[in-house]
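J.: In order, the protein sequence lines correspond to chains A and B.
Convert by adding 5 to the 1-based position in the first sequence; the result is the number in our numbering.
Convert by adding 47 to the 1-based position in the second sequence; the result is the number in our numbering.
All the given hints hold, so there is nothing to weed out.
Heads up, simulated SDA-like pairs for lysine to any residue below, C-alpha to C-alpha not over 20 Å straight-line:
1. B:K159 / B:A316
2. B:K248 / B:A301
3. A:K468 / B:P233
4. A:K203 / B:L98
5. B:K300 / B:A316
6. A:K468 / B:D237
7. A:K468 / B:K200
8. A:K468 / B:K234
9. A:K287 / A:G159
10. A:K223 / B:A126
11. B:K360 / A:E208
12. A:K432 / A:G420
13. B:K200 / A:A512
14. A:K223 / B:A92
15. A:K468 / B:D229
16. A:K203 / B:S122
17. B:K203 / A:Q219
18. B:K374 / B:Y406
19. A:K468 / A:M455
20. A:K203 / B:R95
21. B:K200 / A:N471
22. A:K547 / A:H162
23. A:K433 / A:R158
24. A:K468 / B:E236
25. B:K200 / A:N500
These stretches of chain A come out as covered by chain B in the derived footprint (C-beta under 8 Å, 3 or more residues):
26. 160 to 172
27. 259 to 271
28. 321 to 335
29. 496 to 507
Bear in mind the hints are in silico, worked out from the structure with no lab data behind them.
We put the beta carbon where it would ideally sit given N, CA and C, even for glycine.
One-letter residues, chain by chain:
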Amino acid sequence: MSQFQVWLLPLLILSVTTALAIPLSRYLAWIMDGRYRGPAFLRWIESRLNTGPQSWSQYAIAMLLFNTLMFVFGFVVLSLQRQMPLNPDGKGMLAPTTIFNSVISFLTNTNLQHYSGEQCFSYFSQLFFVCWNMFLSASVGFCGLAAIIRGLRGDKHMGNYYLDMWRVCAYTFLPASLIMGVLLMADGVPLTLQASAKVATVEPGAMGPDANGQVQEKQEIARGPVAAIIPIKHLGTNGGGFFGANSAHPFENPSAWSNFLTVMNFCLFPFALVLMFGRMLKQRRHAWVIFGVMMTMLIIFIGWAVFWDSLRPNPALTAHPAIAGRPAVPALPVDQSLGNLEGKELRFGTSAGPTFAAATTAIACGSVDCAHDSLNPLAGLSPLTGMWLNCIYGGKGVGMINLLLYLIVGVFIAGLMVGRTPEYLSKKVEAREMKLAMLALLVHPIMILMPAGLFAATDLGVKSTNNPGPHGLSEIVYEFSSASANNGSEFGGLNTGWGLNDNPNPAPYSRPWDIATGLVMLFSRFIPVIAPLALAASLAAKKPTPFTVGTMRTDTFTFGCLLFGTIILLGALLFLPVAVLGPVAEHFGPIPFGG
Amino acid sequence: MTAHLRACLWLLVLTVLLCSVLYPLVLYGIAQTVFRNQADGSLIADARGRLVGSGLIAQPFTADEYFQPRPSAVSYNAAASGASNWAASNYLLRDRVAQQLGPIAKYRSGVKAGQLVGPDLERWFQKDRYADKSGIVAQWAALHPTVAQNWVKADKLRGEYVAAWQKAHSQEVAQWVRDNPDTPEPKPEDLAVPFFTSFSKDHPGMFPSAVVTRSVSKGPRTEDKVTRNVSEGPVAEHNTAEGKTTKQIEPVKAGAGIQAVFFDLWLQAHPDADLAPVPADMVMASGSGLDPHITLGNALWQLDRVAAAWAKKTGRDQDTIRGEIEKLLRQMSFAPLAGLVGVPLVNVLEVNLALRERYGKARE
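Chain A extracted, bound-state conformation (with noise of 0.2 Å):
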């Protein structure tokens, strides 16, 4: 292994996304502008759906009364998911309470699993509930940042909701995931409505006596329509597995170059977006300049994460001295000269798990192609602070929303400091503002802290985690980090899993776990994307400032770092003692604990 290999997959992936994203920021933006004007059958289906211009109350309650409609859908999905068709490997119902978490997880664009996907849902559930809410939920953030950008740029209307999701979906999200699809499956992802292959295995009986005691004579395969999942699965940074092991299963991922399209399709969007924001306010610098905070901030996360994982071996192994009366322990002879391979795929490459594991988290994308829980403590820190930043390009749209709070409040500061109204794309920014910025970003912080230190502080959490010591608390943050950030991503070992409802062995607390995250998923979603619009829409009222000698340029390196100043400075006041609880505690030690 060289320093060569292990950088070159997180250079190459950031560099062809990046590349990628400019011209798709310019189809992306015609298409948002309405320009486009497709065959006669498309202009009829536009006019089923035009309800006409919305302000920005409308456009919000279109969203809730569309997303109400996703939840009753979604729901009588899963609970039929016995009496509906594809279902050859005749899986039974879920848990109501794993139902009603995975209901608002999927239609959060979360993705948080309290299920594993092969065990629990049907072919039907995967095409008809994973499967669309991919489409749709990934399609809400990015109408929340369009209506958003109206708004900034002083639209009279917010656009019509109806028309802007039908817009990303089919011509956006569509396209793209027929191209996807088709690459994936070249390269072995399968796409089969047959029931789960069970094959003999090479050596007889190798796979061992099952719980009865009975020899197994075959090897189940699971498999379904995979392939028709997993582009949009990315493209829509939702990352919700089909299999348990979500992106780290060879049938989603079968070799490094699917993980690499894997990558590159969840930062694409997300990419795209911040520069489609600039080319739909005529702001380009401005633009880039938030991008280069966001790349400046994604490259630090994956250079942390890959060091900390790829270039130091797996602590659990290697000697340690002696500490506060316990004997020295001497190392393992294991040559891990390939970083910590626990968790990890081979065929992925290197550095593949830790830059993904950053990205995804960054990025809220949430699908995983190792086990986070068992990176080395400090590189987990990587994925916990993307998700508590949660702004780093983010998720699809809601991303650039949260950034553009914590530019709302950066250039708040800046004008107390000189002493000037603050001024942000010449409207002045005032109480009201304020008020709608400082609710949208302390719902994150609030719903991530409080049921965190509940769970943490009784069996609700302590007997949930499969870790003892710091990493179970860093368990159950985790948690929460990735429902309030709508990510979907986990400390695997957490159990907060139930299942099929004639499950025997369900986990102790699921049902507290998946009441409590659903809510999260929720409140999280819908705050910071409805107080922006509301934020915008009060920009947009307001009588432009001219613009003078002393009007603080928002598209300079000086802004650049006022922003990143204000990102670092806010994420780490409101989450630094967390994290020094549990990674960085884990990391001095010591190590082995307990057991």
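With chain A fixed as given, assemble chain B onto it according to the hints.
T.: Relative to the frame of chain A, chain B by itself:
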């Protein structure tokens, strides 16, 4: 409001048709015409046309003549993928690796270079002294109660063995219940620590292990041939016309089980032992539990064992076979993105099928 509702319903119907019906159907059509093999899961059939696995999914190999895949946190169950999710700070991770290393670890330098540590470990174990105190098993259980409990839980027979002890030792059990008032009716695994403490006293230098008895009937006139083996692997009991296999727990003095369980403690007592490192992917489990590859380095590490086994089976010269297999490994190896991002790997199932094709014919 009705306009809203109408638009909502239109959007629902249109997107369901588009995203859940049309889009998958188009891809399905392409899959079933252009990518037939991939679409069904890259299944591999052997020479007789029987499906033997998927080229993308790991399956277990235990015999010496085959290369072995990475350990799997889900026992290679391809219908329930998953990882161990153990943190670096969790002792269970270190213990799992140590247990795998015990029977295969070798000295790197000194007079014993290249020899297994197992026999030394067993001699040390039989002396039954650790940290200047007697009773290795009791100390091990006290140091690592979770590992001891997991040992009891791992197998039905072990649970029964401890349950039998529980019946015979009411005093110890009563004492344990007094100390742990939250658990008035302990299950066998709860009693792991008092069980091992008592076992260590009764059987110094021994450890409970599964002993497999195979009796093969040679016909009505000749006597049955009986073999007894200490086994840690999963063995299914069965009763057929040719013979009988039974398995029960007994105190034993040696075996792979002892080498596995007490390797970490032995290393603690022998911090200066210079051991040859094994490739990490041999002992670290993958994210899916189904990683079909191992590194070429890992395969070359296993090469001696594999070559020796085939040489014995085919009766050919070991060095020739070793050379042939090494050539095969290098031919079949590939590196991710043409080596730009990773080290050379081999697909375990494909290599093993090639080995069987090449050397297994003579046997069948």
